[in-house]
Amino acid sequence: MPGSEFVMETKVPVGVALRGGTLAFGDKVIFESLDLDIPAGRTTCLLGPSGVGKSSLLRMIADISPEAAANRLVSSDGGAIEGRIAYMDQRDLLLPWLSVLDNVTLGARLRGAAPDRQRAQALLAKVGLAGESKSLPAALSGGMRQRAALARTLMEDRAIVLMDEPFSSLDALTRLRLQDLAAALLAGRTVLLVTHDPLEALRLGHRILVMRGSPARIASVLEPDGLPPRPADDPNLHGLAAAILAELAG
Amino acid sequence: MTEPITDTMTNKMQSITRGLVSFAILIAAWQALVWGTGVEFFILPGPWLVLHALIANLELVSRHAAITLLEIVLGLLCGCSLGMVSAISLSWFPKVRRWLLPLLVVAQAIPVFALAPVLVLWLGYGLASKVMMASLIIFFPVTTAFLDGLRRTELGWLDLARTMTAGQAGSGRWAALRHIRIPAALPALASGLRVAAAVAPIGAVVGEWVGSSAGLGYLMLHANGRMQIDLLFAALFVLAAMAVTIFFSIDWLLRRLLPWQPDSLPNE
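Chains V and C are the protein sequences, given in the same order.
Okay, so the first sequence: first residue is 1 according to our numbering, each after it adds one.
Okay, so the second sequence: first residue is 1 according to our numbering, each after it adds one.
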């Protein structure tokens with residue numbers, strides 16, 4: 001990937017571990033005493049049926065859940081987790097009044113820093129939006145908006161990236177292309193990707209955690225052969241996807 | 001690209017034509033009413049008489065219109081600024097909001113017109129009492145509309161801002177207010193400003209009716225007392241034209257300033 005050294009600053013990978021994570025909404029316990037390991041520099045995919053609590057778990061790690069009081073996070077290097085996380089939602093969350101470029105540099109402005117427009121332009125070129133930096137989000141297609149959101153996530157240049165079903169609202173072809181793009185641009189970072197699509201998890205994850213039950217628990221851990229992004233037409237992946245679906249259904 | 005520009009121009013021409021046709025129909029109906037009922041000119045003068053009175057008293061009407069316009073513009077500036085500052089303060093300080101918001105709603109239940117004599121007593125017959133009157137009438141719709149917008153910020157944007165400012169010294173809350181909450185609330189504020197533009201002339205004229213020595217409201221009362229009904233209608237016509245111009249100017253300006261919030265109503 002030419003020029004990637006310019007847009008991707010080197011970050012020492014840092015792993016995250018959750019110990020005894022507990023979350024309840026009123027009387028309903030989503031999960032309790034949950035242990036989760038997110039290894040440094042690798043992509044961990046969290047799979048599970050809708051409503052199992054995987055997005056809540058991700059929000060707890062991102063510290064944006066109001067119920068995150070029971071959060072017990074430790075980093076592999078012993079440093080604080082706070083300020084080392086970038087978050088990408090299933091909605092693009094682009095601010096409609098800002099241009100694509102201003103959306104990508106939002107983080108710097110929120111922190112009162114001068115935005116690095118040159119780097120933002122380079123990142124937009126990486127995600128194929130070089131000509132759209134002045135466009136408003138409303139002028140973009142769903143796939144383009146999500147690519148802008150990916151550029152904004154990368155612009156944060158954080159060691160840990162949390163992604164909550166980032167490609168779920170896209171059509172199949174756009175989703176495959178964005179999966180490849182994300183895998184290339186996020187290589188070497190610590191990524192936790194929540195998805196309900198077994199094939200997506202199998203394409204992108206070094207490690208796949210299947211979450212199910214009530215209260216939810218990590219029911220199984222899978223480490224497929226090969227490196228992500230794995231080809232979508234790999235028959236082995238489809239076999240594994242069928243097995244995961246059967247597990248989720250069971 | 002030429003097609004959309006042509007479409008926009010055609011739409012504008014159609015809009016202007018519709019306005020002119022509506023105006024012509026209104027004038028024709030007015031003349032028909034005068035002719036049909038045979039009403040005396042000192043009860044309802046016809047449009048021609050009113051136009052004649054307007055031309056004959058153009059200097060007088062213009063002088064008073066300029067004062068009313070100044071009252072409206074100053075009232076809009078003061079009322080809108082106060083409303084915006086109040087909404088931001090109420091959104092920033094939850095305790096103040098809990099105490100002041102119910103008080104604000106109760107205060108709004110008092111008819112502002114009933115306060116006009118008191119304002120004239122306190123602030124005198126000059127500009128200040130009319131500006132205050134217009135400000136008071138504007139303040140509430142602007143405050144409530146803007147506060148409503150500030151309260152309904154997309155939570156996903158705020159969550160994103162929180163992850164971006166986590167671990168930073170200083171207030172992420174202020175950054176989120178400045179860069180997310182306030183811009184996101186601008187369409188709601190625009191609704192409040194449109195209401196303000198529509199009611200500001202009412203405030204100024206009511207103030208003039210209660211006690212003044214200048215302005216279109218004063219001119220109307222004065223003409224009424226002297227049975228110069230054609231002049232009264234001429235002043236009323238200028239006031240209406242002024243109010244409509246102010247409203248559409250503000251509406252146009254707001255549409256230009258908020259291009260990311262297009263009108264989603266069908267233009268059929």
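Since the hints were made in silico from the structure, they are not lab data.
Do not take every clue at face value.
Unchecked claim - Away from chain C, derived, C-beta distances all over 12 Å, residues of chain V:
hint: 1; residue: Ala24
hint: 2; residue: Asp63
hint: 3; residue: Ile64
hint: 4; residue: Glu82
hint: 5; residue: Arg84
hint: 6; residue: Gly107
hint: 7; residue: Leu110
hint: 8; residue: Ala114
hint: 9; residue: Glu156
hint: 10; residue: Arg158
hint: 11; residue: Ser214
hint: 12; residue: Gly250
Unchecked claim - If you anchor each label on the Cβ, the simulated ranges turn out as follows:
hint: 13; chain 1: C; residue 1: Leu265; chain 2: V; residue 2: Pro13; range: 34 to 42 Å
hint: 14; chain 1: C; residue 1: Lys95; chain 2: V; residue 2: Gly79; range: 49 to 57 Å
hint: 15; chain 1: V; residue 1: Glu32; chain 2: C; residue 2: Arg152; range: 31 to 39 Å
hint: 16; chain 1: C; residue 1: Arg152; chain 2: V; residue 2: Ser50; range: 38 to 46 Å
hint: 17; chain 1: C; residue 1: Leu265; chain 2: V; residue 2: Gly78; range: 28 to 36 Å
hint: 18; chain 1: C; residue 1: Trp99; chain 2: V; residue 2: Ser50; range: 56 to 64 Å
hint: 19; chain 1: C; residue 1: Trp174; chain 2: V; residue 2: Arg72; range: 44 to 52 Å
hint: 20; chain 1: V; residue 1: Gly79; chain 2: C; residue 2: Leu82; range: 46 to 54 Å
hint: 21; chain 1: C; residue 1: Ser89; chain 2: V; residue 2: Asp233; range: 58 to 66 Å
hint: 22; chain 1: V; residue 1: Asn236; chain 2: C; residue 2: Arg178; range: 46 to 54 Å
hint: 23; chain 1: C; residue 1: Thr245; chain 2: V; residue 2: Gly128; range: 30 to 38 Å
hint: 24; chain 1: V; residue 1: Gly112; chain 2: C; residue 2: Leu82; range: 43 to 51 Å
hint: 25; chain 1: V; residue 1: Arg72; chain 2: C; residue 2: Pro94; range: 25 to 33 Å
hint: 26; chain 1: C; residue 1: Leu253; chain 2: V; residue 2: Val29; range: 49 to 57 Å
As the structure is a prediction and not an experimental result, all values here were calculated from the model.
We put the CB at the ideal spot given by N, CA and C, even for glycine.
Now for the hints, and whether the structure bears them out:
1. Distance to chain C confirms V:Ala24 as a non-interface residue, since its nearest Cβ pair spans about 20 Å, more than 12 Å.
2. With a least CB separation of 6 Å from chain C, V:Asp63 falls inside the 12 Å interface cut-off, contrary to its annotation.
3. For V:Ile64, the condition that its CB be more than 12 Å from all CB atoms of chain C is violated, with the nearest at approximately 4 Å.
4. Not every beta carbon of chain C lies more than 12 Å from that of V:Glu82, the smallest distance being close to 4 Å; the non-interface claim is violated.
5. Against the 12 Å criterion, V:Arg84 falls within the reach of chain C, whose nearest CB is about 7 Å from its own CB.
6. Look at V:Gly107: its CB is around 4 Å from the nearest CB on chain C, not clear of 12 Å, so calling it non-interface is violated.
7. Its beta-carbon lying about 4 Å from the closest one in chain C, V:Leu110 breaks the requirement of being farther than 12 Å from that chain.
8. For V:Ala114, the condition that its CB be more than 12 Å from all CB atoms of chain C holds, with the nearest at approximately 14 Å.
9. Residue-level check failed: V:Glu156 sits 7 Å from the nearest beta carbon of chain C, not beyond 12 Å.
10. Non-interface status of V:Arg158 relative to chain C is broken: a Cβ of that chain comes within 12 Å, the nearest being about 9 Å off.
11. At the 12 Å boundary, the C-beta of V:Ser214 stays outside the reach of chain C, the nearest C-beta of that chain being 25 Å off.
12. Listed as outside the interface, V:Gly250 is consistent with that label: its C-beta sits roughly 33 Å from the nearest C-beta of chain C, beyond the 12 Å cut-off.
13. The supplied range of 34 to 42 Å is broken by C:Leu265 and V:Pro13, whose beta-carbon atoms lie about 52 Å from each other.
14. At roughly 36 Å, the beta carbons of C:Lys95 and V:Gly79 sit outside the given window of 49 to 57 Å.
15. The hinted range of 31 to 39 Å is satisfied by V:Glu32 and C:Arg152, whose Cβ atoms lie roughly 34 Å apart.
16. In this structure, C:Arg152 and V:Ser50 break the distance hint of 38 to 46 Å, their C-beta atoms being roughly 26 Å apart.
17. Hint check: C:Leu265 to V:Gly78, Cβ distance near 57 Å, so the stated range 28 to 36 Å is violated.
18. Between C:Trp99 and V:Ser50 the CB atoms are about 43 Å apart, so this pair departs from the stated range of 56 to 64 Å.
19. Between C:Trp174 and V:Arg72 the beta carbons are some 30 Å apart, a value that contradicts the proposed interval 44 to 52 Å.
20. Judged by the Cβ atoms, the range 46 to 54 Å given for V:Gly79 and C:Leu82 holds: they are separated by roughly 48 Å.
21. At about 59 Å, the CB distance of C:Ser89 to V:Asp233 agrees with the hint of 58 to 66 Å.
22. A hinted range of 46 to 54 Å holds for the C-beta pair V:Asn236 and C:Arg178, which are about 51 Å apart.
23. In this structure the supplied range 30 to 38 Å is violated for C:Thr245 paired with V:Gly128, their Cβ-Cβ distance being about 48 Å.
24. Checking the proposed 43 to 51 Å range against V:Gly112 and C:Leu82 shows it is violated: the Cβ atoms sit about 28 Å from each other.
25. A hinted range of 25 to 33 Å holds for the C-beta pair V:Arg72 and C:Pro94, which are about 29 Å apart.
26. Take C:Leu253 and V:Val29: their Cβ atoms lie about 54 Å apart, and the range 49 to 57 Å holds.
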